[in-house]
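Peer 1: Those protein sequence lines, which keep their order, are chains W and C. Per our numbering: the first sequence = residues 2 to 457. Per our numbering: the second sequence = residues 2 to 457.
These aren't lab readings, by the way, just hints derived from the structure by calculation. Bear in mind the structure is a predicted one, so any value in this text is a computation, not a measurement. Take these hints with a grain of salt, some might be off.
Which copy is meant is left open, so a pair is good if it fits within one copy or across any two.
Distance condition first, Cα-Cα at most 27 Å in a straight line; then the derived DSSO-like pairs of lysine-lysine [claimed, not checked]:
| hint | residue 1 | residue 2 |
| --- | --- | --- |
| 1 | K396 | K316 |
| 2 | K10 | K263 |
| 3 | K74 | K297 |
| 4 | K146 | K74 |
| 5 | K30 | K170 |
| 6 | K263 | K146 |
| 7 | K9 | K316 |
| 8 | K233 | K191 |
Protein chains: 2
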Amino acid sequence: MDLVDVFKKKKIGDKVEIEGWIRNNRDQKEFGFIDFSDGTCFNSLQLVYDNKLSNFDEVCHYHVGSSIIARGKLVKSNGKQAMELKIEEIELVGDAPADYPIQAKRHTMEFLRSVSYMRGRTRTFQAVFRVRSVAAFAIHDYFQKNNYLYAMTPLITGTDCEGSNQMFKVSTFDFNDIPVDKDGKVDFSKDLFSKQVYITGSGQLHGEAMAMSFKKIYTFGPTFRTENSNTKVHANEFWMIEPEIAFCDLNGLMDIEEDMLKYVVSYVLEHCSDEINFFDSFVEKGLREKLEKLVKSEFVRITHKEAIDLLKKSKKKFEFEPSYDEDLAKEHEKYITEHFNGPVFIKDWPKDIKAWYMKVNEDGKTCAAVDLEVPGAGEIMGGSEREIDLKVLDKRIKEKNVKKESIEWFLNLRRFGGCYHSGFGLGFERLLMYLTGMENIRDVIPFPRTPGNCDY
Amino acid sequence: MDLVDVFKKKKIGDKVEIEGWIRNNRDQKEFGFIDFSDGTCFNSLQLVYDNKLSNFDEVCHYHVGSSIIARGKLVKSNGKQAMELKIEEIELVGDAPADYPIQAKRHTMEFLRSVSYMRGRTRTFQAVFRVRSVAAFAIHDYFQKNNYLYAMTPLITGTDCEGSNQMFKVSTFDFNDIPVDKDGKVDFSKDLFSKQVYITGSGQLHGEAMAMSFKKIYTFGPTFRTENSNTKVHANEFWMIEPEIAFCDLNGLMDIEEDMLKYVVSYVLEHCSDEINFFDSFVEKGLREKLEKLVKSEFVRITHKEAIDLLKKSKKKFEFEPSYDEDLAKEHEKYITEHFNGPVFIKDWPKDIKAWYMKVNEDGKTCAAVDLEVPGAGEIMGGSEREIDLKVLDKRIKEKNVKKESIEWFLNLRRFGGCYHSGFGLGFERLLMYLTGMENIRDVIPFPRTPGNCDY
């Protein structure tokens, strides 16, 4: 049975059969202890064996990392756990020879990335990827409970949302033998979709279409950017959640963002308590308190102008001078969340530094965009009310060099029963880094894709 | 408020404000009726207005497809629904001029595909995409309740699972200016990942790695095949669920497949009752009975050999002669599910027609693969116990021309604490066609991708 069910459903005196892996094996003359885990929960179980076993000598030599099946009776333990398993029968399923890379010692994150396909067997990654799974479910749960439709928007696309220079090209061509037309240019009519296509950097435009049919929708899927950045926060493949809500303005959007984030954090605190305690002890001191505080706090709402006023008034010496026309630097975000001692929505940004689809405010200078800044992580979500005025859109598209022919269909959504609506994007890995305290995006994705790295 | 909540939480006499779209507007001299929907549930609400409204004349001319906000009081209805809304105030948010493509009449599926970004506003696609969303949640719910980890396996990959000739190539190169080496061959070292990469046709190999850490995992995400097939059941982008379970043999796998499918079907029957009734009336007569029967049935388990025996003994004239060495044709599947009058697992297939990663049985001729055939849809899931003997794997890889260097890491899973394990793949769209009775895969995907079609 699954170890998580042993802990949940079984009691001292019960007999159980379990299958899993050896974390550690310490044998003494007449008995030994195996630290056993099967990956279905964070905690491991101690297995106790003694020389009454017919295969005692063999068991003493089971290697770390080996898979086993064990049968026995749960008995009271004097260790950390309330119970341990007194082994009656144990058999080896798969050996892990001595060159098994993940031994019972401390490994660096860098080393573990080099064996990413096995690092899930360490305690740290047991905790990280379980939080990942539970948080993903919490997100689905939140939206489904609140009448949202899960919209699976396409990944292969000819539509230009964030700029096609940031999108991977997708093709069935043999790159050593690309068909060309009579002018020597690539003949995309010969490719599978009869034109050049990409893998998307955002499901937003398709999400908007779905919101115009289902009122409240969310996407949750993989997303791609070609950025050649080797930082701790960039990956070329990551997961995004992009809700889109018809008949919702910027204030309504902030209500939803706050409500959703609190729901997901509460859910993880409740369902991953052991994992959060582990991170709190070994990865980010104070993590639990940070998360519990977020759930209880009321998020502040200020404009970009008010944020800059605040930074200027602070008299603090910043590396980057705060400006009414520019984005906030990390140091600014930090100052603001510390000043308010909690999460802060910053809204009404200078339109020139924001995307073409964001609604231009009446002042003609700012747009109805909002970023949520949280203590310790900075920007965690970005959203906006969407521009629905076709004339304004036309101008913005030109300013931002968007290929209009690729979004004609999208513009039709404004012509036929359009309505004010808003949406936001939440980078799932950014949320996970916030939830776990892990500092590198490579360590919250099972198989990270970064420039030069696609080995597994 | 959302219309679904009006139906669930409000009663006659309550005042409500709703936002949504006009499905139909029939005005008479002194009053009129709007068929109103907001996309949060299948049923629409009738809005009744009369000439006491200050904007009565205007309201009479609201077009089909327009978005509106309406306030009023719920009153008893003599129509199909128990309630209707007596309008006190109504305002137009977004007009839908007379060239709005989706008028209140019957449209062909072909036509609706040509405006796929708006077809969600029809009753059929309201039903289809809500079932899609609810079924997706049911799948997550099933696996999370049963201790599975949601494993988000990578889409960009250099690993060859199903054969790289079926995978799309992914690149950051400008196709008109691809860098070449001194021999004139494409220089992939200059691409973002420093080698040629693909978007995956299966998360299985990475899923197996995760199962070796977490025992029970499932993937659920988009998948790609380059097949140039214009059939009703092929799309180039579709969603797959790929569970993988350590310490699980073929019988255990069939237990899981059966249990999961029944759970998902029950969940949809319970949560999409209106949608199922609609499909039952207008798309596939007898659909509800078919689904209810599946939930109650016990799935039969036979071998491929037994299936062929049965077909041969039937004396029926098949277009394709049944053969012990070959796959089953659609007509064979149909005969078998009709013979048993319910779902049938067919296991132990000739190894030569199955994938390299499936466990070869002791007879050396068959492999521990299993397909689930259901009445009316044929094969709906395919799975196997996985080969873990490295010598056998080596031979199979050679036979099937798999690039060994791309899966060296995967083979390591057998060297370090490997164990018997099994997994299956469920094509999400195939499940949806079964659940809704829709006959074309293009009509269960919001934005389908098929050869030559990537317009939106």
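Peer 1: Any of the earlier hints contradicted here, and which numbers?
Peer 2: Those not satisfied are hints 1, 3, 5, 7.
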